[in-house]
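For this one, chain R is given, so just place chains Y and V on it according to the hints.
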Amino acid sequence: MKTNQGKKGITRREFVKTTAIGAATISLVGVPALIGRAAQPPIKIGILMDRTGALYSFGTWGERAAIAACKAINASGGIAGRKVVWTSEDSATNVQTGLRKLRKLIQKDGCEFIVGPCNSGISVAAAPLAEQMNTVLFAWGTAQSITGKKANKYMFRGINNTRHAMMAIAKVAAKHMGKRYYCLGADYEWGRSAVAEFRRIFDPLGGQFVGEEYSPVKTDDFVPYLNKIPTDKVDVLVAGYFTGDLLKLARQAYQKGMLKHMQIVAGAMPTGLSIADLGKAAQSIWFTGYFVRRMANVPQPLKPYNRAFRKAIGMDDEGRDIKTGKVGSASYCWTPWEHVFWIKEAVEKSGWRSRDDNPKFIAALEGMQVKAGPGFITGDKFMRAQDHQVFHDQYVVKIENGNFALKGIVKGKDLIYPPDVDLTKVKA
Amino acid sequence: MRLARKGGRWMGLAVLAAVFLAAPHFLQPYWRGILTEVLMWGLFALGFDIIFGKTGLLNFGMSAFIGMGSYGYALAVQHLGVGMWSGLLAALLVSLVFSYLVGLLVTRFGSHYFVVFTIIISMILFFLAMNLRGLTGGDMGIILRLREFQLGPWSFSLRNAVAKYYLVLGVVAAAFYLVLRFFDSPLGRAIVAVKENELRTEVIGYDTKQLKLISFTLSGVVAGLAGGLYPVINNSTNAELFFWFFSGKAVLWTVVGGAGTLWGPFLGAGIMVYLEDVLSSWLVDYYPIMVGVLLIVIILLAPKGILGSLQQWLRHQAGKKQKGDRGAAA
Amino acid sequence: MIELILSQLANGFIWGWILALISIGLTLIYGQLEIVNVAHGVLYTLGAVVSYYCVADFGGWGWSLLAAPLFLALVGVVIYLTSIRFSLGRSPIVTVIISYGLIFIIEQVVILTFGGNPRMIPNPIPATIPFFEGNYPVFRILAAAFSALTIWGLLLFLKRTRLGLWIRATNQDAETAENMGIPTRRVFAGVFCLGSALAGLGGALAAPIVSVSFDMGHNIIIEAFIVVIMAGFGSIRGTVAASLIISMLMGLAAAFVNPVMAKVVAMIVMVVVLFIRPQGIFGEGGQ
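As given, the protein sequences belong to chains R, Y and V, one line each in that order. Take the first sequence: its position 128, counting from 1, is numbered 139 in the working numbering, and each next residue is one higher. Take the second sequence: its position 271, counting from 1, is numbered 1207 in the working numbering, and each next residue is one higher. Take the third sequence: its position 147, counting from 1, is numbered 584 in the working numbering, and each next residue is one higher.
Isolated chain R (complex conformation):
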């Protein structure tokens, strides 16, 4: 299999010699940006995001975040002294396109790492391909199977998954809400797993299951399904829906007068959701967030890092695009940023020089602990070795007085579950 860059390789002596001369030149001339001129080739990162299609707004912000991370890293010396260059491609919320662009990034553009899209279907299909082409892929999707049934030695996930999210909200719900619950979800993998994961935690905590239903993926009118819910016998409605459908569902439920006592537990993070749009339905919805949207809710020690991040990607304190005012995915788009920093950490820790060192890279990443900082802006984390899944704090928010209020933080260590797979037994 052909690789473009890494094959050249540099002996240690050459490296030391060049660096010494380079350092001397820099200090003589005082020009800071000589990184690109170093004898070492740059590290190429491929950014694969859904820039068109249904997940367009995630993809746009994700790309921004990844590129901003590359730039930030370059400004502070690159990865192991090597400059970072990147190529960005559109996976179009479509598996076939995603696979094709993955091949392009790796085979044509010579990318050595892939920061992948939030579409789980694409990641799951891409992982075997990435493995085949000896390239490590960082997945942004939250489907359980990415670090479960469909886990792959060459795929890592730097964000919690649906299981964590629902575990967190189930724990918080058990504290604040009644125990009788009904589940409504979208009939595809994510919707169903959101509900299943909620039940796993809520049932042992006293949850009383009243019923469940799954609506076809392209549904507009939820009233026929809402009609079946015996509202007076239900305290919690678990909603396995993403933003757009959640809006519809919440509004329609509110209009039917169902939300007087019943609370909605949303499987989705409030990404891209405009609170004003929810109207009065807003006060009955609880969200589980992989981070927080509002600066006000960011834990104090993380605020400076978050501020720098928002500045780098052009987002304001309320999670909106500085230029257009459109709401972005603040609680979610930090992941591609951190993925780039995971690459940096693992390269530097393992001494990775080229693809041939991927086994070392993977070994370094497995079990790696990182601390909050300009790179890992959402706090301390660790990457579990067996399933390549990161564990971090999960946030539960609710809308109060017209804005998101933090209702609970469930620590990463309280979200640990037994791994579904053991990748340490697989050879890289």
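It should be emphasised that the hints constitute simulated quantities derived from the structure, not laboratory data. Glycine residues also receive a C-beta, built at the ideal position from the N, C-alpha and C atoms. A hint or two may mislead.
Chain R stretches covered by chain V per the calculated footprint, using a threshold of three residues with CB under 8 Å from any CB of chain V [unchecked claim]:
hint, stretch
1, 64–72
2, 217–227
3, 357–371
Relative to the frame of chain R, chains Y and V by itself:
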């Protein structure tokens, strides 16, 4: 004169064959991968060309066939543990049965109902595929673990991109050849006659419903075979393939390349996949608009597609020459 | 159980009127121009987007009942003049491809302007009325009533006005109509605009109920096609009836079976009906 033309045709085919056989050696890996994909998509579009270009029925539900084919292969390989060839056979059988049954239902209808009908059927399959996650894996699909395939005494890795290319090329070329021969045969020509004038064909004594059914089934089998190749190339499949978006692609590629020419679908798939690939890297925010505009422009200005327009032009030239000859003789 | 059935039927009935309005544009355009307009869904989306901007910038959703159809009529004119009119009389594939291409263009334009996030419009009439065990939003009832009124107005228009007469005449036999002095070309353009305007109006009407998002057309186009094909292409009354039947049927089925199956069942029922009566319930003649 005719001998020379026939000789010319053989030469042309030989050159084409040589190009395709040599391709992996002078193409970069990425483009080789694209070509492999294009061969598969071309076969898929060929399925559409059979029912539309040759028979005149607009089937907008081709995604049903490619989905069935791909799942036929995937389920056979994953659950029955068979090898690649048996998987392809499974894909063929599944598509055969499915397209025959659907064909029985659907070929009773005329063109406009046919369109919507076929869309609805593919949507039914889409919802079912998404719903029966235990079987299909839903939108997460099935990831295959099959590692190799046999050819005679040799075994090739399914990770070997060059081997895969030749495999796909072989299967597609064989299928294409059979389809070409079919349309040269009396049966094939009868089907084309249905497109040109159904009434007259019936009057002559053919059972046009039967002919349409045969064509529909053939179209489904060809598309299903392409569906079987999908997981061979990608090591996975998912319910997304059933969505009517893919049906539209088959229509697109065939129309751009030249409906009815049988070669056209491959050309159209090649050009459009290449164009989309280049445009989407270049103008991420605008390329869907460009694709849409391109479609409209092509269908209005060159409705016979590239090959179709070329054929027309050549015939026109030949006609002019003939007239010229006759004029000279007169 | 009775209560559930009744509330499902009632909701289906209400939603059915709204769906009918959305679908009528599709059937009109087909009936007149023999065009299967797969872009109907994005025209509906545009109408909803217009109503979003009416709420955000122009002081109220009510304006969109005027603005959406007008804007869509304009869009319809542009589409007709730049592409559709060249496709008349040619193979049906031409317009299918054109409308398919339009989907790409219009959706991307919506993404680039309106954005990729779904938005919701505040309910213009937040009142509810008590209904069985819960409440039912008054807005839906009024929207259904408005829809019914518009359809009735449309039927009157077609029957009583000269323009309506021209449309019906051209529909029946374009050549004869042309010979009688009816400007059939203009009639075609007019019908295309009318169909587009109705799609937009449907979108504006549905916007407060469903969220406004660039891909909202994908959901509705399937339902609209089911309705139109069951009704028989070209029949307005048929579209209303089919729309009501299908909505009520799907709602009823959802009361008993899993919703996905309900949808599949509805589609299978459609297939069966068509098997028995290929021209649709109310269609005339064969294919």
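For each hint, the structure was consulted:
no., hint, verdict
1, 64–72, "holds (count 4)"
2, 217–227, "holds (count 4)"
3, 357–371, "violated (count 0)"
Taken one by one, the earlier hints fail for this structure only at number 3.
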